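Residue numbers (our numbering), protein chains in the order written: chain A, 1 to 426; chain B, 1001 to 1059.
Among the hints, a few may not be true.
Unchecked claim - Some chain A residues flagged as far from chain B (calculated, every beta-carbon gap over 10 Å):
#1 E69
#2 G103
#3 N113
#4 T139
#5 D161
#6 R196
#7 Q231
#8 E238
#9 I293
#10 E325
#11 R334
#12 G338
#13 R352
#14 K385
#15 L405
#16 V406
Stated by the list, open to error - Simulated restraints, written as ranges between beta carbons of each label pair:
#17 B:L1006 to A:S332: 48 to 58 Å
#18 B:D1002 to A:E69: 57 to 67 Å
#19 B:L1006 to A:V234: 43 to 53 Å
#20 A:E89 to B:D1002: 19 to 29 Å
#21 B:V1027 to A:E239: 30 to 40 Å
#22 A:P280 to B:L1006: 54 to 64 Å
#23 A:V71 to B:D1002: 26 to 36 Å
#24 A:Q413 to B:L1006: 45 to 55 Å
#25 B:V1027 to A:R204: 50 to 60 Å
#26 B:L1006 to A:A407: 38 to 48 Å
#27 B:L1006 to A:A225: 50 to 60 Å
#28 A:D335 to B:L1006: 50 to 60 Å
By construction, these hints were calculated from the structure, which means they are not laboratory data. Given the structure is predicted, the values throughout are model-derived calculations rather than measurements. Even glycine gets a Cβ: it sits at the ideal position worked out from N, Cα and C.
Given next are the chains, with one letter for each unit.
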Amino acid sequence: MSGGALRSINCTSCGAGLSVLGGGRVLTHVCGYCGAVLDAQDAYKVLDSIGKRNHPDSPVQIGMTLTYEGVDFTVIGTLGMVERHRGSEWRWVEHQVFSPTHGYLWLNLEDGNLTFTRKVRDFDMRQWLSPASVERAETPPTRSYGGQKFRYYETTTARIDFMEGEFNWIPKLGETVKVVSLLGPDAMLELVESTREREVELSRLLPRDAVARQMGFDPAALGPARRHPLQAYVPLREEAFLRKAATYMTAAAAVLGLLFLMIPGRTVLDAPAVPLSDLPESYTFEVSNTAQITLVEFRTDFENQWAAFAAEILGPDGQPVVAGERAVSYYSGRDSDGNWSEGSRRSNFRFRPNATGLHRVRLELSDPGASNLIGTVALRIQQGKPTGFWLFALAVVSGLAGIALVARRALHQKSRFAGSDWTSED
Amino acid sequence: MDPIRLIIVGGAVIALLGASYLSYYGVGRASTDLAASTQSIRTGSSGSGGMFAAFGRIK
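When you get a sec, could you build the whole thing from the sequences and use the hints?
In structure tokens, the structure reads:
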């Protein structure tokens, strides 16, 4: 344990030696031995007594020191706090700390977490939020302070259950305060209302292990830490850069995919439209590109009809290379919602030729369907046709990765409010 | 540049180039329901072109 007494007194009630650490604005000194409440401004006269009470469970002891943001503070007092509501009980400990240059602040221990609380003097009190106002609100109230937005988190009615040491006010056992807490990006804004005054405080979460070691005790003595709403988001390494990279890659892959999709390939056959009644029909076409996909497209002028076409492709040696069948179905009309259409007048299949040279394609009607041999069909074949598939797939994957990164942060933000007592009435 | 950033940028460039290559050459994008010949289509056999899937419901 570090720190030391500036001077000491003897309790005017029981005679125990008490360290005096709290500076000139201390009003009360509560004897940790007999529970006498002494008037620090008037020769330590006994004002009251809380009797002998069990010390709340906290490894932080009076006299320990803590350096926070470069300022040394000494623990001068301990308050045991309790809130009881509908049969449940919550307990925490508030330690008053003192710095000759920065005055009186609070080091709090709740659920294994350490927070540091200071009073806020420049809060616009016209923004005051009472528990009654919270009850009337239809959405979680928000308040602004220091350029940050704070959203309602919880309302607490806290009661003093234990006190020991020095305080710059006169606490009373059983005294209650109502606290409306609002959660901001990295701090909790607390609007504290007692029977005597209204105060605004700002709390920040401390790194418990580092603080414990600095104060001279084992972090395990703080007990297991429950998730705290002020727990900072822990980003992945280079998360912002990763998010940016995912965004750019999604855009680049999508644009490239569209570009590839629009590249028509080289048309090697553009047969004129023939009536369905004239099928089957044969055509020849020259294949010079076996590295890329060749697209075989059936183009009809169908209107409220369907039929199935087959195209058999023979290689330069006259042997079948591949055959594909596609249905073409197109229906349209008008109803109470307006014009509608269904299907497409075109269909296609893709294959990869395995040899260059003159190919022959035989187009036939494999199923006249509802066409009644009315209408025409034209066959078009393009070689060297890129697809956008893999680029679109990459765009989807990188887009999902970007969304996952954003969602990770959003989920953290949502989880911060998981302990809020706000309930929406639908 | 930070090595991690270098890896991210390198990975992104490789992924884009790889996807562009696959898309340009249509790797894996040939239709999977083709038959060896129209005879195979008529009989419903797959021939050497893999399983032929008949088209679905037609209005």
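Hints breached by this structure: 8, 9, 10, 13, 14, 18, 19, 20, 24, 26, 27
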